[in-house]
Every structure is written in structure tokens, then in C-alpha cells.
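Trainee: Chain by chain, the residues run as shown.
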Amino acid sequence: MLDYAWLMLLFPALGTLIISLFGTRLGKRAVSILAPAMVFLSFVVAVAAFVSLLGLPVDERSREVTLWRWMVVGNFSVDAALLLDQLSITMALAVTCVGFLIHVYSAGYMHDDERVPRYFAFLNLFILAMLTLVLANNYLLLFVGWEGVGLVSYLLIGFWFEKPAAADAGKKAFIVNRVGDFGLLLAIMFIWTGIGSLRFADVFALAPQVWPAGSAVVGAVTLLMLLASTGKSAQIPLYVWLPDAMEGPTPVSALIHAATMVTAGVYMIARSAVLFDLAPASGNWVAWVGVLTAFFAGTIALTQTDLKRILAYSTVSQLGFMFIAVGVGAYAAGIFHLVTHAFFKALLFLSAGSVMHALNGELDIRKMGNLRVKLPTTYWTFLVGAAALAGIPLFSGFFSKDAILFAAFEKQLPVWIIGVITAFITALYSFRMVFVTFWGQERDRRLFNHAHESPRVVTIPLIILAVGAVLTGYIGLPAISAIDGWLAPAFHPAGAAAETHSVALELILLVVSGLIALAGVFAAYQAYMVDPDLPKRVRASLGRVGRLVENKYYIDEIYDMFVVNPLRDLGGWLGGVFDRRGIDGAVNGLAGVTGWLGAQARRLQTGMVGLYALAMLFGAVALLAWLATR
Amino acid sequence: MVPLSWYLILAAALFCIGVFGALARRNAVGILMGIELMLNAVNINLVAFWRHIGPDQMTGQLFAIFVITVAAAEAAVGLALIIAIYRQRNTVNVEEIDMMKG
Amino acid sequence: MTLPTLNFLAILPLLILVAATLLVLLADLVVRNKRVLTFLGLLAVAASLAAVLLVRPAAPTFQGMTLADELGLFASVAILVATGLALLLALERTSDFTRRPGAYVALLLLATAGMIVMAKASDFITIFLGLEILSLSLYILVGFAQRDARSNEAALKYFLLGAFASGFFLYGMALIYAATGSTNLAEISKGIASHSASLPFAPLLPIGVGLLLVGYGFKLALVPFHMWTPDVYQGAPTSVTAFMSVATKTAAFASLIRVLAAVWSGDRPWLLALAGLAVVTMTLGNLAALRQTSLKRMLAYSSIAHAGYVLTGLAAGNDRGFEGALYYLIAYTFMNLGAFATIQAVQRRDQNDVTTEQITGLSTQRPGLALLMTVFMFALTGMPPLVGFFGKLYVFSGAVQGGMTWLAIVGVINSAIAAYYYLRVTVLMYMGGATAAAGDIPRTGWAVWTTLVITAVATLALGLWQQPWMESIREAVTLLALR
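Chains as they are written, first to last, in the working numbering: chain A, 24 to 653; chain B, 82 to 183; chain C, 41 to 523.
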């Protein structure tokens, strides 16, 4: 079966081709069936490949499938080939599974749009590019996928180009990502020059011999990869494009800007584990970038009022957690969180889309409230997603986030501390969304009265994702650690011995994380629910928490004074000054300066032959002066 | 016999005069004349070097003849283009020929 | 006196082209249907291409005046392909701007012959001859739209500056002749290697090479010898621009590579001079392209930038860079010709240019053209897996290998800037409301479609499947035997 893995790429490729050529003739209906079907077939192939990989002994679980010889330059050659191992199959499964569900959801969500065929052509193309990225067996093919997903992301952010904000957001995403891509391209050139091959297997086998641990070149290569990853995975300093990317259709935000594409940076760092192991300093950088991003983005998420923007900042923050994991060398934990996050964040986005659908496109949570009455299914799925995001015990995010924090605790205590604080913030803003949106009283009567539950084509993917958002956590239960054992060989082909953990310590930390998450929920409840107008039954339904409400003034003040307000202020400051004027300003300023330089360059061109000839003479004199005095 | 350096200085001077003419003139025909001077400077160089390096091989002379031929062809094409412009705009002043810029 | 035996078979492709030129001019007098002349031209190009590929003498021919090596073969094929595509482009639209399509075809063939001479020449005399044949033909072709004042202006500017540059070029040749005692590249190379310092005029060599670079810089549109490029590319009939923007570059770069390989000393200052030229060329080209409203002018600046990228490969000073430069040339041939072909398809019959306004919302009126233009723009941007990406990858990694990482960084930053204006075209085509009246865009005939499809397919296929091309390129570079 593994030899037929290329079918995974073929189906979305066919889908893109057919829809882009005959899409308008086929009609919306046919396209809405064809596109999800193609991704489903890919998913089936991925499952089959996964099963056959499971059937192999551990040391044979890495298979290369060469499609054709791509290029040969002397003794340097690159094949268009796929690498099937534990890591790539895990990624492929997540991509095709979430991708399929989002395709189905899109069929309902985009139903009224005129450009359904173009939308699905892009979406299929995205799956193709993303699978190319994760299945590539060399850095060059990975880069093809890398650029491909970036391109589709750009096209889909600007899909509703009638909105100027959408067009601007697309442009910003493009510019910022080019900065990151430039890092990856340079890293590839360094690898090519240094090692003479771009095939993962060769690079990882030769790198320890060519580049001694801690050497400058491997440091440069890994830092360039980090730069590339900060662009694609929206980390400091290049995260600014992601919140704006929410101008695209919601399923796109779910698929590309939450579940799959933005995790490409994490994937690449995990894939290059061998290189990062050679450059411990770079690993530290990754961890610190991750934890700072996680913290900053988390605090900003607290202050946002737009549902999708909260989720966007939360995505940035969660990607930061993944960076912590790969930065401290806990690659399996990073990928584990990547997978669980793919499910619960897609779920949250799609639920948000369902809310938005019900409220005629309204996303301001200040106008919502009490929606669980009107949207019961969406409420429950959103709640599951939020619980997973917050890290409530027994939901998936709990296990994966804990695995990351545990690894950080062992390697980098300061990172762990900030990580734990961020985990608290995460729970806080997650349940702020739940409480403000679905609980309490309706704030906008007109919107509330018009709200209606989404059709089944929307809710069924939500339910499936909700189940996934709970269950994916159990593949990584501590002590069992199925995912760790499964993935570990992919990161260290040489077969480094797995580290042994203290189970007791891990359990203690597990309890700590659980308590922190619950504390966050409680804080959210205090801050956003405890309110004189609040109906009594809400308080009663909380039962256990209800008893503590007795002390509401006291705790309210403490939380407001010491926790919520400072954090909100910090977030507001970061969002206002740092985000808008700092990095955002830098991006815009860069574009402005470049444009100004362009205008100056044009002024040189006066249309006068005499001046043109003079320029040539100057050039000639300069050239001769340089060559003659060398 | 006149030493080689004299030829070279003459050629260099002629070339510079040609460059100056091409730069300073506004009349397209004048510019063309300056360019012709540059080409002739090269011819002097070529023939002088030929005489100096090895008169047994014809390379230098041959090259000079090629240059003369090509210069003639160039002048023919150039004058035709200048006439075409003149017919259209009634001017051969290159400073007035600046529709395209920026 | 005995006449030397001349191997006419070696210049068969040229003979075919020149004969066809004369034949077209004669046929012009008798043939009523002028389209026949274009077909005649296409036939000649096909025959010439066949001759290039099938008749391959190994040794230098015409007393070492021309070489029939891999580099010449490679460049000839690229040039002939460009000519064929340009003829196809001209088939439908020549009547828009001239009543003498016969002369047009003849000059196109003659220019091609000149380019092939230049690409294959291994002696300064033949290089100069080839350069002048191609230049004189192009001067006339640029001004071929006689009723269009811009076309005339472009021709005059191109002519005056081209002749000016020729003066420097020749002076450089004369100095190198003095320094090494020969005009033959092989002899020059030997001369430099064996007794470089002993010759009395050896110090003239770097000055000669510098002046030569001015001449090449002009033809290749390197900054600061580039100023003619935007005006000429904008004013020339679009099919001429399409042709000259790619074929001239191929010929001049092939010749420059040959000359560099002959006078090569591999010294850092020489490479740094090339690197410096490359940096200013790509930076200025890209910056000036940012705010253009004329698509032809934008692509003119873009072509300046691309010349800078190719030069990066030469400045790298190693095999990988040279290979990259050659790959880039063939990539550029297809993607740029395709872009200009699309412009020609979109431009109105009474116009010779397309503004950014005119392509706004093109996708709704002409989805096919918009899609193809997108492919070309992505390729020029350097989006993998299209050809443009690999061209950049090769030349930049050549620079990295040659110890010029900074040059690669400048190049990559430049391609990021460039992405902005290429993508703007796509954005306008797909994301703007339609402003241009659909009636303004003439029907696109089969010949233009053929050109577009060939270039688009090549743009993709040459990226996905590179082995044969890269092998040929590698052979070409190995034979140059760079030190």
C-alpha cells in the first residue's frame, strides 16, 4: 500500500484540475460533492498507509516512494519522492481528516457564495500543497509545498476581495510570509552547499559528521529555519498577519490558519530534529520565541471582542506552545499538541462560523449572549472545543499541553513558569468566549431573535470534530504515551534511547495543570458572569462553583485588580502599541519605504538620451576604476 | 618611425572627443557623428596594434575593415531612423524626444 | 594561393536563416497573401533548429571563428525557439502596425542569425559581427510601427545608445587584442595562461575587459547601462519586445560567458565587480518596477532585474552559478515571452501597450488569458515548482557556494520585493471589478494561443522535469573549463 501513497496527492490534484477547468459548467452542487470526495479518498489512502506502516517492524517504518528523478546537477540530484514515516503519516492523517470535515462544512457554509467552484478549487489545491509539504522526502519538495500553501492561503484570505480589509490582509500575509520564506530558501542553500544533498535521510545522516555540534553553520541553518517558521507559524516577530487573515471565509480560517498550514513551521522544526539537536542554542531560541509568543498572544486574546480574532490570537498562542515543545526537544509532544490542536481549534472556528452564520455575520461577542438556547448543538461543540483549548482534564488539550509543560519543566524552568501562567490565561479567555457568547442574557434582541441553528451539513462535521477533540488526547496518555513511542523513531533515525521520565513527577504536574485550567475557568466565570442581572439558574447549574460565588465581591476585586485587569491592560498595550505601531508599523513602513525608493528610481528615468549616455559613461568609468586599481 | 604610444594617445583623444560629442550634442545627427569618431578611434588602435604586434597576421587590419563596414551600415540605419523621427515631429533635437520616461 | 576548406555544414543553421531572409524579401514582391511569408519564416526556423540539433561538428570551424559546442547549441536552441514563438505572435497582429510584414519577418530572421553568430562566436571579430547584425536588425524592428511616435522614439534612443555602447565594446576588444596579441578567445586564454605578465601591454587587459563589460552591460540591460530598456521595450511593437527581451539576453549572456571563461582569472575583484553590477541591477530594476502603470514598462524593469539574477550566477564564479545562469536563461525565455504574448493578446488593435487599468477584472472577460498570465507572473516571481524558482535557486546557491552569501541574501530580498508587483497583476486581474470594456480586447487567434500554451507548458514542465536540460547545461559548462 505504501507504494501507492502518491494517490494521496493525485486525488486533490485531480480535484483542483477538474474544478478549475469545468467548475462553472459542473455547477455548485456537483463541485460541493466532488471536492470533499477527493479529500475523503486521500484520507482513505492515508489510513491505509497508516495501517500498513503499523504492520511493519519499528525499524522499517520509514519508506521512500520515488515518483520521478526531478533534477540532476552533477553528483547532486533531487527526486520528486515521498517519505512515509511515523511523522509524515501522522501529519497526513490530521490534514486529510480535518481537511475532509472542513470541506463538508464548507459545502454548507459557502452555499450562497457565487464563486463556489473557485473556492473549492483553491481548497483542493491547498490539500495538495499541504500534503506535498508533509510528505516530501527532501527540503526542496518541502519548499514547493511550503510556497504552495502560502500562495493558497494568500488567495483565500483575499477571497472576498470586495472588502478592502480582505485584500489588505492578503497582501500583509503575503509580504510577511515572504520574509519567512527567504529564511528557508537560504537555509536550503546552506544545506545544499554544506552537505551536498537535500534528501532528509542524507542530510540527517551526514550533518553530524559535516557540522560539529554547536558549529556556526548549523546554527545559521537552524536559525534561518526558525525565521521561516515564525513567518509561517505566526510567531514573534512575524505573527502579525494571522489575526488579519481572519478576513477570509471561516472554514479557511479553520483549515489553513488554525489546523494545518500554520503548523508547518512546527512540522519543519520537528522534521529537522537532528539539525536542531546539533544546535542547542537555536533550540533555546525556538523555545523562548514560543513561550513569549504564547504569553503575549494569550494576553491579547483576552482583550479582543471579535470571536474570530480571539481564536486567531489563541492559535498564535497555542502555536507558541508547540514551539516550546520542539524547542526543548520534546518533538513528539509538539506534534501531539499539533494534532489535538488541529481538531479542537478547527472545531472552535467552525463553531464560531456556525454562530456567525446564525447571527448574519456578526462576530462581536458583546452583541451575543445566551446563544445556547438558540444554538444548542453549536453550543455543545464550542464548549467541548473550549474545554480542550483550556486544558480541562480529560479533554485532549489537557494531555498535550501537559506533555509540553512537563518537557519544559525538565529542560527550562523559566519557560515552564511562563508556560503555566499562559495556560491559566488560555483557560481564562477560552471560557470568556463561552460565557459571554453562550451564557448570560442576550444583548442584542434583534440578532438573538433571528438566530437559528445551522443545517446538518454544518453541524455533523462539528460533532465529529468534537468527538475527535476529546479522543485525540488519549493517544498520548502519560505512562501509555502511544504517540511518543510511535513518533520517536522519526526524530532520531539513529535510534537514540528514549528518555525515561519519572511518572510520579509527571502525575503531579498533570494535577497542577488540571488545577490551573480549572482556576482559569473559575476566573473567567468570576470576571464575566458574576453580574447582578445574572439569572439565578445559571449560578445554580454550576453547582460546585456556585458555592464559591458567596465570596463574589472579595474574589471579584482580587481577580479584577490582580489578574484580569493587569492582564487586560497588558494585552491592550501589546495589542495597541506593540502590534499596531511596532511590528505592524514596521511591515507597513517597510512597504512604504520600498515604494518611495521605487518612486525615486523612476525619477532617474527622464527620457533624455543624453542623460542615459551619461549614466553609461559613469558606469564605464566606475567599472574601469575598480578593475584597473584592483 | 612614429612610436606606438603616439597612435594610442591620438586614438584615446579621438575617442574622448567622440564621447564628448555624443554627450554634448543635442542634434541626433551630431550625436551620430560623435559615435563615428569613437569607432574611428578604435580603428586607429586596431591598425596600430596590428603593425606593432605582428604584421604577419591580418587580424587587426581585417577587424578594422569590419568596423568600417559596420559603421557605414550603422550610419545608414541611423540616418533613416532620424529622418523617420523628423518627418513625424519636425525635430531631431533629442531633448524634445522624451515621450517615454519614468 | 590556396583557399582554405570551409566547413559550411557547421554554419548550416545560419545559412538557412540568411537564405530564408532573402527568400522572404523576394517573395514579398510577388506574394499577395502576406501570411505565407510568416509561415516561410517559421519553416526556416524549424529547419534551422533541426540543423542545430542534427548537424553537430565537433571542432572549431572557420579557422576558429565560431564554435559549435554545447553552449552554442544550447543558446541557439533557446534563440530559435524564441524566434519561432515571436513569429507566431506576429502572425495575427503585424498588420496592426505595419503594411510590410515581409520585411518584418525578414528582419526577425536576420536578427536571429546575428544572435546565433554571437552565441557561437569564438573570435572578437565574429562576436562583433553577430552583435551588429542583431543590433541593426533590432533598431529597425523597434521602430517598425512607423505611425506610432513612441515606436520611432524608442528606435532612435536604442540606436543612439546602442552605437555609443558599441564604441566602448570595440575599444575594449582593441585593448584586449593589444594585451594578448590575438582576437581569438582560445588564443587569448592561452596567452593569458602562459605569458600573461611578459607581454608589454598586459596591464591593458583589465581595462579592455571593463570596456567589454560596458558593451555587454548595454545589451543585457545591466544598471547603469540599462536606461534605454524601459523606453525601448515600451515603444517597440509588443512581439518585437517579446523577442528581443529574451533572445538578445540569451545571445549576449552566452557570449559573455564565453569571454569570461577565456579571460577568466577567477580573481575576487573581478567577481566583485560582477557582483556589484548584479546587486545594483536587480535592486534598481525591481524598485523602479514597483509603481509602473504600463505593463510593458513594468516587464522592462523586471527584465532588468532578471538580468541581475542571471549575472549573480556569473559572479558566483563556479560551475553551479554558471549552470544556474544558463538554466535561468531558458526559463526566462519561456516565462517572459509568455508574459509579453499575453500582453499582446490583451492590447487593443490601435494600441501598443496595456495599462494596469486595462487588465483589471480581466478574469471575468477572458479567464483563459488571465490564468495564463497568472502562471507567467508566478513563474517570474519565483514560485516553485515553476521554472523561475529553480533559476533563482541555482544562481543564488551558486553564490552561496562561491562564498558570496550576502549576494544571495540581496537576491532573495529582491525577489521578495519583485513578488509585490508581479502579484499585483494577478490581484488586479482576479480581484478587481471589471473596468475594461470586453469589446476592446480583440479575439485571440490560434497562433497566439499556441504561443501561450507552449510557453505556459514549458514554464511548468521545465520545472518539474529537469534532468535532460540540466545534463546538457552541465556539459556546456564543463566544456568551458573554468578555473
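It is possible that some hints are incorrect.
Claimed, not checked - Computed footprint of chain A on chain B, listed as stretches where at least three residues anywhere in the stretch have a Cβ under 8 Å from a Cβ of chain A: (1) 141-150; (2) 168-178.
Said to hold, decoys possible - Pair ranges (Cβ atoms, derived): (3) A:A645 to C:R75: 25 to 33 Å; (4) C:L500 to A:N383: 36 to 44 Å; (5) C:W446 to A:S238: 57 to 65 Å; (6) C:L66 to A:W619: 51 to 59 Å; (7) B:I149 to C:L69: 29 to 37 Å; (8) B:E177 to C:D480: 29 to 37 Å; (9) C:L69 to B:I164: 51 to 59 Å; (10) C:P407 to A:Y27: 33 to 41 Å; (11) B:M180 to C:P407: 48 to 56 Å; (12) C:R75 to B:V110: 18 to 26 Å.
Note that these hints are calculated values from the structure, not bench results. Quick reminder that beta carbons are idealized off the backbone N, C-alpha and C, glycines included.
Trainee: Determine for every hint whether it applies to the structure shown.
Mentor: Do the hints match the structure? See the list:
1. 141-150: violated (count 0)
2. 168-178: Answer holds; 3 residues pass the 8 Å Cβ test.
3. A:A645 to C:R75: 25 to 33 Å: For A645 (chain A) and R75 (chain C) the Cβ distance comes to about 49 Å; the hint is violated.
4. C:L500 to A:N383: 36 to 44 Å: holds, 43 Å
5. C:W446 to A:S238: 57 to 65 Å: With Cβ atoms ~20 Å apart, the hint is violated.
6. C:L66 to A:W619: 51 to 59 Å: holds, 56 Å
7. B:I149 to C:L69: 29 to 37 Å: holds, 31 Å
8. B:E177 to C:D480: 29 to 37 Å: Holds, since E177 (chain B) and D480 (chain C) (Cβ atoms, about 31 Å apart) stay within the stated range.
9. C:L69 to B:I164: 51 to 59 Å: Violated, since L69 (chain C) and I164 (chain B) (Cβ atoms, about 24 Å apart) do not stay within the stated range.
10. C:P407 to A:Y27: 33 to 41 Å: holds, 34 Å
11. B:M180 to C:P407: 48 to 56 Å: violated, 34 Å
12. C:R75 to B:V110: 18 to 26 Å: Given about 38 Å between the Cβ atoms, the range is violated.
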